[in-house]
Amino acid sequence: MSGAMTVEELEHEEPQAQTGPTRHAKIMRGVVTPVFGLIAVACIVLGVLNATIWRPSTDITANAEVSGTRYIVTDPGVLGLVDDRVSLSVDGADDAVSVCVAVGSAKDVTGWVSGNPYVRVTGMSDWTALSTSRAAAQGESLAGEGDVAFADSDMWTSVQCGDGAVSVDVTDEDSSQVALVDLGADDADADVSMHWIRQSVPDFAMPFYFAGGICVVLAVLSATVFAMSPQRRRKRAAVAGAAGGADGTAESAVAEAAVEGAEGAGTVGAAAGAGTAAVAAARPRRRRRHARHGGGQATPAAESAESASETPDERAGTSSPLIIDPAARNLVADQAARSGAPAADEPADIFAAAGVTTPGDSPAGTDSADDVAEASTSVISQDELAAYFARFAQESAESAAGDGTKEEE
Amino acid sequence: MRTRATRIAAAALAVALACGLGACEGQVPEPQAAASNVDVLPDLTEDQEQRMRSAILDAYNQSIADLSADGLSSVLTGPMLDVHTSRITVARSTGAMDPLATIPGEIEQTVIPTDSGWPRVVYSITTTTEDQQSMRLLVFTQDSPRQNYKLWGVVRLFPGTELPSFTIPSIGSSMGTAGDEGLVATPQEAVERYADVLQNGANSEYAGQFADDSLRQYLTTLSQTVQEGMERNNGTQQQTFTPVTDTIKVMRSSDGGDLVVAQINSDWTRAAGDGRQSLPASDAEQALFGDGTATSTMHVTYVNVVALYIPPADSGEQIVAVGAERQPISVEAL
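Here the protein sequences come in this chain order: Y and R. Number 409 marks the last residue of the first sequence (UniProt numbering); no jumps. Number 334 marks the last residue of the second sequence (UniProt numbering); no jumps.
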């Protein structure tokens with residue numbers, strides 16, 4: 001923050017006539033923009049790579065070597081692990097033995113293998129390997145007289161057999177189906193392979209594209225909008241620069257008058273008035289930052305006097321609504337107004353008429369609006385108070401020094 | 001030197017990051033937990049039931065065409081095996097298969113349970129036959145997972161009978177047991193009482209618990225007719241009904257009742273008086289008796305398969321026999 005302020009202030013001190021890019025613009029365009037640009041290019045390149053040569057493959061094939069068993073059972077959900085449709089291939093060690101693959105419900109498969117050891121296919125250990133484990137089915141073997149051949153059971157949704165090897169296509173949409181492989185002989189060895197074609201692969205490219213797009217936008221902004229000085233950015237929104245300049249000049253002039261009045265008279269009223277003005281100026285302080293840049297250094301009292309320079313006529317000329325706080329009505333100010341203080345209007349009118357403006361003081365237009373709000377919300381009319389102080393100081397100077405006690409204050 | 005090391009480290013880090021950003025297949029998927037309703041899926045899909053039934057009926061119809069009971073034990077079991085074997089024997093003798101043996105290939109409804117264990121039962125209700133015989137209730141059983149479904153019993157539904165409603169086969173029904181509570185009577189009690197009613201007719205103490213039905217009427221009429229004939233010759237006749245309670249098939253209906261199919265064997269002993277011979281009472285009995293030598297006493301064994309609907313206890317309704325089948329399976333002269 002402090003760095004940015006420094007840059008702004010430095011820019012501000014540069015002569016307005018200078019036409020070359022500011023240091024701020026150089027930093028933004030020479031450093032920040034290329035950084036964003038590089039990141040954007042990197043993101044887009046990575047995105048393209050992820051969409052092409054690094055794109056996740058749609059064909060997934062996982063294998064497992066199984067040995068020393070007759071039955072192989074897939075866990076529920078394994079058939080549909082990658083996609084609903086799977087091609088299950090079993091290649092037995094002995095080509096002379098018929099290998100069968102049946103698909104059925106888990107409870108039917110459990111019933112068939114009851115009392116027999118089997119190998120579970122529990123899932124995928126990685127994208128190319130099936131994980132397996134050995135298990136023993138509960139219960140007693142229900143094999144007996146009158147049993148049907150594995151392939152002839154009514155329980156299977158589908159069954160397929162082959163000599164030594166078999167491959168079946170299975171659709172398992174709700175994890176309700178499991179596959180049971182009968183290798184045809186006890187303690188047989190086989191290679192089980194499951195092949196899925198992924199319908200949807202994870203899209204790793206889009207996040208890169210998105211990040212790259214953001215970096216492109218940031219790079220463009222850094223080279224254009226962010227490279228501009230804040231004053232220029234805001235000045236584009238200002239409509240009447242000349243009027244604002246006159247207003248700002250009047251502010252500083254009246255502020256000086258107020259300071260002089262306070263110092264010269266040194267009355268209680270002056271001190272109180274300065275304090276009140278300082279309080280009144282404290283609220284819109286944040287938005288007055290650029291006014292200081294344009295009008296030079298000003299004390300809080302001077303700032304308060306700035307707002308005091310605005311006459312009701314000027315305020316009437318603005319389009320901003322007046323905010324009047326009836327609860328903060330100050331009878332002293334009212335009295336002062338009734339007593340007549342034409343001097344308050346004079347400086348503003350004079351300076352305005354002289355046309356003394358500060359070119360490039362862009363926030364002046366907005367300041368006038370601020371001042372309207374400031375003046376209308378202050379306890380007493382600032383111009384009236386300043387005029388009162390000036391007149392009071394003048395009268396005090398002419399009078400005898402007998403009122404020294406008050407002057408000391 | 002330090003700068004060079006820093007550069008190398010930076011380059012290595014960049015390469016590592018680039019590798020990490022690329023060539024990624026995504027996270028290895030974990031098997032999705034099976035849906036909670038997997039365990040209560042029907043034992044068969046309708047397609048499986050159709051395949052199973054067609055296979056059985058193909059073999060059944062082939063046996064009718066061939067008038068051969070060879071290999072029937074692989075598709076028929078229980079009372080149906082006895083009944084059909086008897087019919088084939090009769091058909092060989094008479095030259096024509098009993099029209100009652102016809103089983104339509106189309107079904108009106110199937111009732112498939114969701115039970116996990118064995119034995120399992122499936123009910124299928126056929127359409128009427130081409131000659132407008134009443135619908136058949138087919139009862140298939142699977143005794144073990146290593147065996148296939150077999151046709152255990154066929155019941156001809158009584159005309160005008162209204163079957164209880166069952167859950168659709170894609171959801172599945174539930175099998176009951178012979179000891180189901182909450183009914184007018186447990187299935188076993190109902191079968192035993194019905195056997196008593198068949199034997200004693202209106203004199204049975206349970207007669208009031210059962211609605212009148214065609215089987216009871218037929219047996220009452222038959223018994224009276226035979227009794228009258230035997231009495232004219234000073235003979236006697238007695239028929240005893242014995243339920244086979246360990247093979248009762250029970251399926252719970254959606255209204256809380258049970259549809260029970262049970263085998264009730266009956267032994268009919270007819271003793272002729274006045275030195276006369278007791279002869280077979282029907283063509284079927286004659287065919288089964290064949291060339292046997294008649295004596296004064298004839299013992300005929302019948303297999304009856306009955307279907308009873310047992311309503312819930314709080315329904316206040318009677319037990320209804322919805323269908324039956326009856327076939328003599330052996331005739332012998334004592």
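Do not take every clue at face value.
Sample of chain R residues at the chain Y side, in silico, Cβ under 7 angstroms [unchecked claim]:
{"id": "1", "residue": "L67"}
{"id": "2", "residue": "S116"}
{"id": "3", "residue": "Q147"}
Only some residues are given here: those of chain R computed to face chain Y with a beta carbon under 7 angstroms [said to hold, decoys possible]:
{"id": "4", "residue": "A9"}
{"id": "5", "residue": "G26"}
{"id": "6", "residue": "I125"}
{"id": "7", "residue": "S144"}
{"id": "8", "residue": "Y149"}
{"id": "9", "residue": "L222"}
Rather than coming from a laboratory, the hints here were simulated on the basis of the structure. The structure presented is a predicted model; accordingly, all values stated were derived computationally and were not measured. Glycine included, C-beta positions come from ideal geometry on N, C-alpha and C.
With 7 angstroms as the cut and Cβ atoms as the points, is R:S116 at the interface with chain Y? 5 angstroms, holds
Is the hint on R:S144 kept, meaning its closest Cβ partner in chain Y is under 7 angstroms away? 5 angstroms, holds
Any CB of chain Y closer than 7 angstroms to the CB of R:A9? 19 angstroms, violated
Under 7 angstroms is the threshold here; is the Cβ of R:L222 close enough to any Cβ of chain Y for the hint to stand? Hint violated; R:L222 Cβ to chain Y Cβ min 37 angstroms, cut 7 angstroms.
Is the interface hint for R:Q147 satisfied, with its Cβ closer than 7 angstroms to some Cβ of chain Y? With Cβ-Cβ at 6 angstroms, under 7 angstroms, it holds.
Could you check if R:G26 really has its C-beta closer than 7 angstroms to a C-beta on chain Y? This hint holds: R:G26 lies near chain Y, its Cβ roughly 4 angstroms from the closest one there, short of 7 angstroms.
Hint check, R:Y149 versus chain Y [nearest Cβ-Cβ separation less than 7 angstroms]: 5 angstroms, holds
Satisfaction of the R:L67 interface hint, Cβ to chain Y closer than 7 angstroms: 24 angstroms, violated
Does the nearest C-beta of chain Y fall within a distance shorter than 7 angstroms of the C-beta of R:I125? 19 angstroms, violated
In this structure, the hints that do not hold are numbers 1, 4, 6, 9, in rising order.
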